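Engineer: Chain by chain, the residues run as shown.
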Amino acid sequence: MTDTATRPIADAPPRTTGARGGVAARLASGPLPWLLPAVAMLGLFYLYPVIEAVRLAFTDARLFDTETAFSMRSVSSLAGSSTLGTILRNTLSYTVASVVGQIALGLAIALLVVRAERARLRGTLVLRTIVLAAWVIPAIANGIIWQLLFSEAPFGAINSALRMAGVAPVAWLSDPGNAMLSAVIATIWQGTAYSMILLYAALKTIDTALYEAAAIDAARPWERFWFITLPHLRPALLVNAILILIMTLNMFDTILALTGGGPGRATEILSLYAYGTVFQNFELGRGAALSMLLLVISLTLTALLTLLLPQERR
Amino acid sequence: MVRSRAERLADLAVYAAMLLLAAAFLLPVLWLASLAVRTQAEVFLGAARFIPEAPTLDNFARVLRDGGFQTYIWNTIKLSSLGAAGAVALAAPAAYALSRMRFRGKGAVMLGILSVQMVSGLVVLIPLYRFMDRLGLLESHFGTTLLYIAAGIPVTVWLLKIAFDTVPQTLDDAAAIDGLSRFETFAMITLPLALPGLVSAFILNLILNWSQFLIPFIMLTADETWPISVAIFRFAGSTSAATTQLLAAACLLAILPALAIFIVLQRWILAALMAGAVKQ
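Protein chains in written order, with my numbering: chain A, 1 to 314; chain B, 1 to 280.
Hints listed in this document are in silico derivations from the structure and should not be mistaken for laboratory results. Treat the hints with caution; some may be incorrect.
[Stated by the list, open to error] Under the rule of at most 20 angstroms between Cα atoms (straight-line distance), these lysine to any residue pairs were calculated in the SDA-like manner: (1) Lys204/A x Ala168/A; (2) Lys204/A x Arg267/B; (3) Lys106/B x Lys204/A; (4) Lys78/B x Glu224/B.
[Stated by the list, open to error] Output of the computed footprint for chain A on chain B, the stretches with three or more beta carbons under 8 angstroms from beta carbons of chain A: (5) 42 to 51; (6) 126 to 140; (7) 203 to 209; (8) 218 to 227.
Please read these numbers as outputs of a predicted model, since none were measured by experiment. For every residue, glycine included, the Cβ atom is placed at its ideal position computed from N, Cα and C.
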């Protein structure tokens, strides 16, 4: 009976009482009943809405009207919209600055923590905990906290500190140029922890023998970083970039609470614009088209970054 | 091991950088705490009075005494925990099938489940709004919980698959020889052995659900149904400079439970995050 013991369970005959067999029993013994609950939920609350959004994008639907007719107006009105141009430029600068900032700072902290752990410095765990705690703070609270910090009232945290240092106060949120910078800072402050922990985990998997060999070859620190650390981190960096990119591109809470998209449209990114179009202007068709645009951008960028991954990690 | 002078200098630089970073990540929260214990008069002194001369817990008392606040916290606990439990319960069988069974289209199923993460909540909530309305699920915690569960499923399937992969297959085979059905094996052998992974996944869901804003923001308009995230946003929109200290207190109370869960259960949350990171 040794072959029974080594045979993988997937190939074992179904234990249903033979005679009642047939299609139902075969389905029951397969993966379907196991997958069904999860897949049904995703089908109902993700796949169906995406299909419905594509359909709605080609209608003139309004949020509270049930009558909808086929129309190209929602899609075609976007093509020549100068507002959409502004929104896309905002989305681009916000996303690029936030993603680069989160990855760079996350990598720097991860390297620092690994270096400190190697030297057995005390307080490493405390630093890691403090950085990660920022990630646990709800994004909506993050927006409120930074609004209190950037507050331009005479008693606002940063501005009153600047005044104490003899520096002129800065219009953090009311100046269109600064508002985007403020939104990026708030986003990086919260999101960095996620990059840090992912890259920290990846750094821990690099064989220390490589660094010992490099030390024997008298490699300089930047050489060790460039020729050992970075190449080994490449897959983790790319996966990290994909995840952060999707999160940042779809960010809603932090900006809503911090600036509400203002002043004017200075910090209004695609997700906020789509929300406003549907739930403030009730233009469901146009909003659906905008959300599809957001989805297409997300999927395209993910696909592009995936192509950069080494074959076996795809 | 004797450390060289250069190494000790480098250690000093590392310490300095660590201190700087700790300050950068702590100060915003400390500022919130500082505002929360100030009187209105001291709020207007700004950074000059980082540690208030007359600290007060009045702001917390006022926020907590407000019946609304208790309702918001209770709603958050309810939605977060039911959403997390639902996600783990529905993801576990799927993760087990992906970990243990061989079948055609398995790669496609896994890719499909993961790619759901690329879809933002906003994309699905726009069409779902009417759908949920027609089903009578708008404005209900039941309908909202279903969306929390759906949002949690992809990452949970992934985490639980990794957890099940670490339980040796030979135990399943032994159970099969002993005459246990597949489901009995899953429930009595695999699940108990993968308990740490299940706990990690539950806690990660809990933390993510505590932060959830968009789903309840769109689904729930009635004040008494809001979780704390929606409530503090609405409160922030209605406050003025004169009530800054109350907003700070409410905000701090809203994030404290999540921070407490994180600090106490950090090991589990890190395990979940890093499992996902290394295996990806």
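Engineer: Give a verdict on every hint.
Structural biologist: Now for the hints, and whether the structure bears them out:
For the hint linking Lys204/A to Ala168/A, the alpha-carbon distance of about 44 angstroms lies beyond 20 angstroms, and the restraint is violated. Distance restraint check for Lys204/A and Arg267/B: the Cα-Cα separation of roughly 16 angstroms lies within the 20 angstroms cut-off, and the hinted pair is therefore satisfied. In summary, the hint linking Lys106/B to Lys204/A is not supported, as the alpha carbons are separated by about 31 angstroms, beyond the 20 angstroms threshold. Proposed proximity of Lys78/B and Glu224/B is supported: the alpha carbons are some 13 angstroms apart, at most 20 angstroms.
With 6 residues carrying a beta carbon less than 8 angstroms from a beta carbon of chain A, the segment 42 to 51 of chain B meets the three-residue requirement, and the given coverage holds. Counting residues of the segment 126 to 140 of chain B whose CB falls under 8 angstroms from any CB of chain A gives 6; the rule of at least 3 is met. With 1 residues having a Cβ less than 8 angstroms from any Cβ of chain A, the segment 203 to 209 of chain B misses the three-residue criterion, and the hint is violated. Interface restraint, the segment 218 to 227 of chain B with chain A: violated (1 residues with C-beta to C-beta distance below 8 angstroms; minimum three).
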